[in-house]
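K.L.:
These are the residues of each chain, in order.
2 protein chains.
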Amino acid sequence: MALIVQKYGGTSVGTVERIENVARRVKGWVDRGNQVVVVVSAMSGETNRLIGLAQAIDPHPDPREMDVLVSTGEQVTIALLSMALQKAGCDARSYTGSQVHIRTDSAYSKARILDIDDARLRHDLNAGRVVVVAGFQGVDEQGNITTLGRGGSDTTAVAIAAALKADECQIYTDVDGVYTTDPRVEPKARKLDRITFEEMLEMASLGSKVLQIRAVEFAGKYNVPLRVLSSFDEVDGEGTLITLEEDGVEAAKISGIAFNRDEAKLTVRGVPDQPGVAYKILGPIGEANIEVDMIVQNIAKDGTTDFTFTVHRSEQEKALEILRKTAEQLGAREVEADDQIVKISLVGVGMRSHAGIASKMFETLAKEGINIQMISTSEIKVSVVVDEKYLELGVRALHDAFGLEEANPGA
Amino acid sequence: MALIVQKYGGTSVGTVERIENVARRVKGWVDRGNQVVVVVSAMSGETNRLIGLAQAIDPHPDPREMDVLVSTGEQVTIALLSMALQKAGCDARSYTGSQVHIRTDSAYSKARILDIDDARLRHDLNAGRVVVVAGFQGVDEQGNITTLGRGGSDTTAVAIAAALKADECQIYTDVDGVYTTDPRVEPKARKLDRITFEEMLEMASLGSKVLQIRAVEFAGKYNVPLRVLSSFDEVDGEGTLITLEEDGVEAAKISGIAFNRDEAKLTVRGVPDQPGVAYKILGPIGEANIEVDMIVQNIAKDGTTDFTFTVHRSEQEKALEILRKTAEQLGAREVEADDQIVKISLVGVGMRSHAGIASKMFETLAKEGINIQMISTSEIKVSVVVDEKYLELGVRALHDAFGLEEANPGA
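In the order they appear, the protein sequences are chains A and B. Per the numbering used here, residue 567 is the first one in the first sequence, and the count goes up by one each step. Per the numbering used here, residue 567 is the first one in the second sequence, and the count goes up by one each step.
Just so you know, the hints here were simulated from the structure itself, not pulled from any lab data. All values reported here derive from a predicted model rather than from experimental measurement. Treat the hints with caution; some may be incorrect.
[Said to hold, decoys possible] To spell it out: a stretch of chain A is covered by chain B in this simulated footprint if at least three of its residues, at any positions, have a beta carbon under 8 Å from a beta carbon of chain B; those stretches are: (1) 618–628; (2) 631–643; (3) 649–662; (4) 669–681.
Even for Gly, the Cβ is constructed at its ideal location relative to N, Cα and C.
Full structure from sequences and hints, please.
P.N.:
Right under this line is the structure:
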């Protein structure tokens, strides 16, 4: 008998019929002798409906009240799914985040889970019940309702799996696994059977939106085996298993190609080169709570330096405004912004032990006439920023060059 | 500085615009130097939408899950109203029933409030905030979400007013007060400035749906002055004040005429007269959780008796089925049911000290050729059951006969 935590996203519970499908699927796992905790999101469209109501009152509503409002979305789903499970002959009980003490900090709309009281969950599981928990929400020390931010239901599922030491945490979504790249961009993209937490983290942070980053971090930290599955397949497939182990991954140097269209590039040109330039430029950006992704500082010529970094497109204007002030104080020549860019990244733990991945990447792009604007590397990733129009060409060329359509690609 | 608890029903918060109107009204009370707690219902239509979702899954959903589901309705409203208050420049904070520990028993969908922890409420009021509380819901000893049943928001407001020893509990609704009778039946119906709890209880139990019965009972028990007001008036009127005191009510013998179209009459004829007949007939009805209203047992003739009682129309079939079995066991002659009836009642505390009210009532109806099928009296009420078709005629004749259109009617 295994203890499994399953998470179903908004699309999977988007209608009463789909909720009934989820109930049948859960019952299948129970009938096969497993204990099951189910974490659900709000029915698709519901969260946006609620946000719409709030914004009709105030474009910038109070974050505490916003969390009180949107947390009702998951509460509706847990009740409906529990009813559907009972109708299907499966004893079930629903709990809000507050009821099972998913304790978080008080950062409304982006709270972090501190701990989970698993006593209530264990009690119901031992009584033979399926436990249905509202994802995405928690409660702070003072009893205020908090939410984990969009996609936070994945994190809830992983945190519960960790608290219960579950055998597996299954994330049901609208895709049947993690792919070598987005199949809409490269039709030859292949589903991966396995991927490591680190690789998945890089893929997720680069815009492969299968799983929420924090959920993968959490799973990695507590070594919770994560599996991505489709809730639309008639019969459960194998999906993609995300684990710590790298066995069998050794041969594969590259797991996949991720890309991100949501960034904008900002450049300060002609900054008098002096110690602390990076801090002086990025300090005010950080103070304004703008997250910076890639950072490149070119080698100084004629005593000046060019400094470039990327931020989320939605924060480009705000960042630009701050940057103009900083540039003036520093006596820089000019400030530029460009949002017609895309970041493409090769990801793979195999990279660690194999040289030449980066240069093969650059060579492939050069052959296609794609100019590289920025480069950034980590232990298991090489990212480049190129003109947005080269997205499809670049991804396909790299997918080909690294042989990703085959199961055991070589460098 | 007064401490006021206000309650706004579903129609009053039915749209974002109406919620903003409520915020302006509440701010007016705050600006005039009052401390305000606001209790709100779900936006009109929302509870029915949620019930529809549940019934699409199961026509008889689990009561516990049903309460988890429908309690989201008020949670949406408290968040939106708090946002609107803040937008209007009024510091506000929302709380679910569970958050302010509105502790109830575990009777899902019809829970009773046991107590309220007023510490949180007082803390926010003293900090200069408006406190917005979800009506209709509570939490049981085990932390399960409960609801008080439809209309329970009135009870929440009164219970909070009692716990805080508020100066007044104001129930905002879509009518501007309590009337001598339903103005749709008798256009000459007059708004009452005052009415006693007892009278209001009789009016409410007889189908004048301005306030929920349990709320009035609660208010009477804890002597919380209740005021019914319209949330659609531009400027707050005086509404109708419901109090313990009878001063100024002395002259008025009759406060109003209530009626109820929701009952059905059941009769067992020719029951062999013996001790315990009433118990033998009503016992099985009570065991089936069917509420019985009026009961009449005719004087026995030829050793048999006729036994008649009324139940809610929705339970007529169920009651009839039980009654047929009982009648057979008792050797009764026949069983009859009639749902083409209406109960009309005169209500007034003045009745206590004035004889002749009942006979004047019977006389008035007789003059109009209205046959009385059942009679039942209490200290402050006389009720008759007549054919449904006489509803309008009967109410208007009585309204006239007792001079209710004038401010100080005589008997």
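K.L.:
Now look at each hint and say whether the structure bears it out.
P.N.:
Outcome of the hint check:
1. 618–628: Per the Cβ count (7), the hint holds.
2. 631–643: With 8 residues closer than 8 Å to chain B, the segment 631–643 of chain A meets the three-residue bar; holds.
3. 649–662: Our answer is that it holds, as 7 residues pass the Cβ test (under 8 Å) against chain B, meeting three.
4. 669–681: violated (count 0)
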